[in-house]
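There are 2 protein chains.
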Amino acid sequence: MPISRNELKSVTALVKRKGRAADRLFLAEGIRLLEEAVRFDFLPQTVYYAPSMCSPRAGSLLDTMKERGISLCRIQKQQLLAMSDTKTPQGVVGLFKRPETGLGKLYRPDYRKILWCENISDPGNLGTLIRSALAFGFGLVVTSGRSADAYAPKVVRSSAGAIFGLRVARVETDKMLKFASEKELRLIATELGGEILDEKARCALGDQAIILAIGSEGDGLSPDILSKADRRVRIDHSDSVQSLNAAVAGSMIMGSLYRREG
Amino acid sequence: MPISRNELKSVTALVKRKGRAADRLFLAEGIRLLEEAVRFDFLPQTVYYAPSMCSPRAGSLLDTMKERGISLCRIQKQQLLAMSDTKTPQGVVGLFKRPETGLGKLYRPDYRKILWCENISDPGNLGTLIRSALAFGFGLVVTSGRSADAYAPKVVRSSAGAIFGLRVARVETDKMLKFASEKELRLIATELGGEILDEKARCALGDQAIILAIGSEGDGLSPDILSKADRRVRIDHSDSVQSLNAAVAGSMIMGSLYRREG
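One line per chain: the protein sequences are A and B, in this order. Each residue of the first sequence is one higher than the one before, counting from 1 in our numbering. Each residue of the second sequence is one higher than the one before, counting from 1 in our numbering.
Keep in mind that the hints were calculated from the coordinates and are not lab data. Warning: the hint list may mix true and false statements.
Treat identical chains as interchangeable: a pair holds within one or across any two.
Straight-line alpha carbon distances no greater than 30 Å define the calculated DSSO-like cross-link-like pairs of lysine-lysine that follow [to be verified]:
#1 K87 <-> K154
#2 K105 <-> K154
#3 K77 <-> K16
#4 K9 <-> K200
#5 K87 <-> K113
#6 K228 <-> K200
Taking the hints into account, I'd like the entire structure generated from these sequences.
Laid out in structure tokens, this is it:
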């Protein structure tokens with residue numbers, strides 16, 4: 001069935017997170033991202049594809065989608081380009097239902113490590129943090145303040161598909177602090193003046209369930225979070241730079257806390 | 001002295017790295033970046049500024065530049081916007097002479113740690129790696145293959161000014177390999193299948209002078225580099241993701257090798 005003018009308009013608006021559909025739907029484009037979605041069993045509602053742009057690998061992805069019962073919608077190259085946000089579109093765009101973002105519904109007590117991103121407004125940094133979170137065993141990411149929308153095209157892309165493998169909740173700072181206290185989660189805050197996260201500091205954390213909070217590069221975490229933190233940590237580096245990139249610093253701390261299971 | 005039409009054209013072309021001037025000049029815009037340039041004593045030839053866009057902090061930066069003998073050129077807002085590559089321009093753009101990029105001229109035997117970026121084509125990743133390199137005591141960065149131009153606006157910006165604090169050489173792979181062997185530098189390659197860089201692996205490296213090579217996310221390092229490497233290392237993470245972001249992985253390895261002096 002060809003795409004209607006209204007449908008095309010509503011889908012392309014998602015690239016810029018415009019219109020009402022942006023509250024319930026999001027896009028992920030490209031072969032690798034859609035392969036990851038399938039791997040995590042996070043299936044799209046519809047896959048739009050422009051045959052003239054599809055490689056054999058895109059073709060076999062489309063076969064898989066069809067087998068999984070996903071509706072495929074053939075469109076023209078120009079229509080696909082309008083949906084695309086990348087320099088080298090690969091002819092396939094998936095339209096996904098936005099998952100639940102309420103903390104109460106997403107949280108499970110077996111999440112031992114939660115990443116809290118406050119005011120991470122750069123989509124590339126947020127996506128990279130989500131990717132590292134999944135890599136280092138954080139099952140839940142929460143965003144607050146001026147953080148980018150976790151389902152914006154550039155965040156989804158920077159996450160390299162990790163967005164399909166974990167849960168992302170949107171919360172207010174005061175609610176998250178209350179949540180941390182109710183669930184007895186230890187709050188670890190990153191701060192330029194914090195203690196260096198070395199082996200000793202890691203051991204002191206032991207196997208406790210934690211929330212790791214990362215703030216914006218310019219301003220760091222808000223005083224509300226810092227004042228409630230059980231520990232304030234940082235990555236040691238030379239004084240030649242004032243700080244590390246926020247996604248790098250956050251990933252390094254998550255990596256320091258990672259222990260392979262089994 | 002007002003800016004001539006030709007000068008404006010030639011400066012704005014630098015944003016897209018167009019024209020002959022791009023081989024000898026580059027731009028850095030914004031207060032923070034120019035403050036970092038001053039801190040590292042890497043001074044611009046000219047600073048263009050649009051008074052209507054300048055905050056008090058930009059004003060005091062301009063005062064400093066003037067004291068240091070830098071030529072200031074007042075321009076109109078529209079002219080400055082044409083030179084800008086950011087969403088929120090701050091009214092100041094510096095025009096810099098490109099430094100030497102020949103390895104022979106840049107290398108000094110007291111550089112104990114060199115970062116080698118092969119095919120790091122994403123400007124944000126390259127800039128972030130340069131920032132982490134400076135943070136973790138790497139005095140020299142070399143780029144090869146399809147790596148982005150280290151002095152492109154987005155790389156300069158992502159480096160958060162670190163580009164002014166270290167040296168960047170552009171090399172061919174075979175020359176760099178020859179160089180490593182001549183100078184007896186140990187070549188450490190990052191590879192998804194490498195050994196986990198833990199405390200034991202770090203100790204084995206000891207205090208030797210090293211080159212750390214990072215490849216592209218999609219393809220990793222080229223076989224030429226991998227086959228010549230003294231060690232192949234990786235960061236341990238769960239199997240939920242195939243790999244980490246290249247800048248994150250590289251930064252984490254640099255961070256693992258960092259020891260504060262003194």
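Handout entry: Hint numbers contradicted by this structure
Key = 4, 5
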